[in-house]
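Peer 1: Going down the list, the sequences are from chains A and B.
Position one of the first sequence corresponds to residue 1 (our numbering), numbered consecutively onward.
Position one of the second sequence corresponds to residue 1 (our numbering), numbered consecutively onward.
Hints are computed from structural coordinates only; laboratory data are not their basis.
No experiment lies behind these values; they were computed from the predicted model shown.
Ideal placement from N, C-alpha and C gives every residue a C-beta, glycine not left out.
You may find that some hints are simply not true.
Some chain B residues near chain A, calculated using beta-carbon distances under 7 Å [as the list claims (entries may be wrong)]:
1. ASP57
2. THR79
3. ALA170
4. SER296
5. GLU395
DSBU-like cross-link-like pairs, simulated, lysine-lysine; straight-line CA separation at most 30 Å [unchecked claim]:
6. LYS349/A with LYS118/B
7. LYS422/A with LYS187/A
8. LYS119/A with LYS9/B
9. LYS119/A with LYS349/B
10. LYS349/A with LYS217/B
11. LYS422/B with LYS118/A
12. LYS9/B with LYS108/B
Partial list, computed: chain B residues near chain A (C-beta under 7 Å) [said to hold, decoys possible]:
13. THR19
14. ILE23
15. THR24
16. ARG48
17. ILE52
18. LYS53
19. LEU83
20. LYS108
2 protein chains.
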Amino acid sequence: MTEKNFILKGNVCCSETSTAFSITENAYLVCEGGLCAGIFRELPEKYRSFPIKDCGDNLIIPGLTDLHIHAPQYSYRGTGMDLELLEWLNTITFPQEAAYANLNYAQKAYSIFTEALKKSPTARACIFGTMHVPATELLMDLLEETGLKTMVGKVNMDRNGVPNLQEKDAKTSAQDTATWLEDTLHKYQNVRPILTPRFTPSCSDELMEMLSVIQKKHHLPMQSHLSENLGEIAWVKELCPDTDFYGEAYDKFGLFGGECPTIMAHCVHSPDAEIHLMKERGVYIAHCAQSNTNLSSGIAPVRRYLNEGLHIGLGTDIAGGASLSMFRAIVDSIQVSKLRWRLVDDTQKPLTLEETFYLATEGGGSFFGKTGNFKEGYEFDALILDDTSLPHPQELTIRDRLERMIYLGDDHIITGKYVSGKKIF
Amino acid sequence: MTEKNFILKGNVCCSETSTAFSITENAYLVCEGGLCAGIFRELPEKYRSFPIKDCGDNLIIPGLTDLHIHAPQYSYRGTGMDLELLEWLNTITFPQEAAYANLNYAQKAYSIFTEALKKSPTARACIFGTMHVPATELLMDLLEETGLKTMVGKVNMDRNGVPNLQEKDAKTSAQDTATWLEDTLHKYQNVRPILTPRFTPSCSDELMEMLSVIQKKHHLPMQSHLSENLGEIAWVKELCPDTDFYGEAYDKFGLFGGECPTIMAHCVHSPDAEIHLMKERGVYIAHCAQSNTNLSSGIAPVRRYLNEGLHIGLGTDIAGGASLSMFRAIVDSIQVSKLRWRLVDDTQKPLTLEETFYLATEGGGSFFGKTGNFKEGYEFDALILDDTSLPHPQELTIRDRLERMIYLGDDHIITGKYVSGKKIF
């Protein structure tokens, strides 16, 4: 794998800890066999034969991980934004997702999505498809081609859908899932299937039981939604009167972390017991600040989750969130944390740039293993950032330049992208 | 003025009312002598000699008005964002603004700013300079060249600054202001001076008295800051123990609207009496949603201001806000209004796209007279928007396309810009 032995030279920025940057100017960042060998001020003798790409004054940061995104919703991001969650699902999302029954439409839509994801700061992502097996497999084929590392879920939903977007029954949903897994479980280098019950209102108890069996058989990771919106939470309580909190509606089927790595998106309104159970089961929280704002859901207590040592990463949640950019997700997370501090609880300090950068890199990246940092032995995911399109009259520190690119930068500032040592562009 | 007689043909979108769009597909938008003559489905006989620019399937919207922006702060937007207002002013803003004593630096920084403003969706803006007369005049010269319509203020600040950024005394500040007005009051076609006491903590009573005299002499418009941050409000109360609320600290010098049109930025924490006085005096509120978020100030009660019939427009408030784009200001305003509804007061409904679009166009634009709409007799300010860089697999309505461009678009979607009938690019 000689092509995975190389060196990037530039200003290397990553997390020193979850609250501090490590910034090494004019450093050598070594990739050896797709893994990071370290950041060096002087190049060690043993790497002197590796080709060096000189990135000049550019910044080099780890690739970002998007823990929660709906691929079929990319087509209508930034529209219908004046609605709240349940109304938005029924009037926009479900009818739009129904279109993915048509494979020609899916090809067109998913090509646009995967091309955009490839150009974005995202190196790794956990992605919802739709309930349709062919369209979801097509999405996985297209993602495989990008070189990004992704987990993709065929969505399960056998109740409370709309006429064109609901599976016939639990058995059909489970059978389709089995077919999909058979097709995809060992097919790809870069894409893995992830179990994806849409959310409790969409999945009957019978279906949840079947999915739990499927999960344990293949030791599948899982992703779903949790405690996003007050109306949704009240509905789950009605649907599952035997539960004390929403998370129990997954947990009673063994679908709440533990042995199988699990992501729950949102957790805006999680009660204490739910938080404790998430911690106990190692559940990852995908914090989706912009989506929780757009859909008027609220602001998740991320400072508390950090203090209590839960696993957290960030998600764009397209199309609840309108922006595919994880840079924007970092900024959104800082911004809503400030409003939460001011308006809800001034004992919970706002998040800093250092903290949210960590969440977007190693925080969420750890769901994929050793990723999201430039420590020795980590997967070599890197972005080269060029800020010459953002002119400034004064001197700026490297940290200022990084902050500025995160606040202001679009995809055009990314001039190089690597995932597991493979050059994406 | 033949060059100001022309027609744009395309999908014309503007406000029908403050809560509804007017959308006319494939329409003729006529500019006659720099003013809008109307939107026509069929071109009237009398305009048949005017040259037609066919914008195809593009959208045409009114130019946007930024009611609050600090030109010298553009250079460091998107940095130092982890601080609250007063700390941010002292550690970042004041030291950075001090650099504008150097005219070479100002030339470099203001050239970058004016070039960016020209390319942005902003047609008109109310702009803070610094306390320095030469740099502020240079800024005005550069803005004149852009063709945008702006009001620009030399800042007054004779107390509570930092060593390099504070005027010697009230008299010096007033004299500098007189010099600046003499130089600029009748110099430009596109730029007008606007009186700009920074905010109460920066201006002694003696200075306020002198500025009031200057204002009345020239019937000058004015811009300042009001009730942005709780720490600031407490400080004003200390500085002005004879006032019942912050607005009185301006009003007692006759510097709070009335005869002279006045903009107060922020009004996040205005008490009832202040709101009533703003209404009585016709004071314009510049709502700066992103800045109020970044500086942890809070969320202004815009729904209440609308219900009570106050004048409101939007501001980017660079560099409290990081983005120069008024598209982003529209989105930010919607987003924070949703969080306010959820977290502070659920009797105050979130703002809609239609409402915030109105605020960004005619709402703020009316500070400049008849602008921000395509009604007959309005100044012809228009943007041509091309969304082909935002591919989509499905049909979209014109409204959806507009919403999408506002949520997702950057300056590159603007392919044409006109102000008062003059082509900017």
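Peer 1: Could you run down the list of hints and mark each one as holding or not?
Peer 2: Outcome of the hint check:
| no. | hint | verdict |
| --- | --- | --- |
| 1 | ASP57 | 17 Å, violated |
| 2 | THR79 | 4 Å, holds |
| 3 | ALA170 | 31 Å, violated |
| 4 | SER296 | 4 Å, holds |
| 5 | GLU395 | 11 Å, violated |
| 6 | LYS349/A with LYS118/B | 38 Å, violated |
| 7 | LYS422/A with LYS187/A | 19 Å, holds |
| 8 | LYS119/A with LYS9/B | 34 Å, violated |
| 9 | LYS119/A with LYS349/B | 37 Å, violated |
| 10 | LYS349/A with LYS217/B | 48 Å, violated |
| 11 | LYS422/B with LYS118/A | 40 Å, violated |
| 12 | LYS9/B with LYS108/B | 38 Å, violated |
| 13 | THR19 | 12 Å, violated |
| 14 | ILE23 | 14 Å, violated |
| 15 | THR24 | 20 Å, violated |
| 16 | ARG48 | 37 Å, violated |
| 17 | ILE52 | 30 Å, violated |
| 18 | LYS53 | 27 Å, violated |
| 19 | LEU83 | 10 Å, violated |
| 20 | LYS108 | 4 Å, holds |
Violated hints for the displayed structure, listed by number in ascending order: 1, 3, 5, 6, 8, 9, 10, 11, 12, 13, 14, 15, 16, 17, 18, 19.
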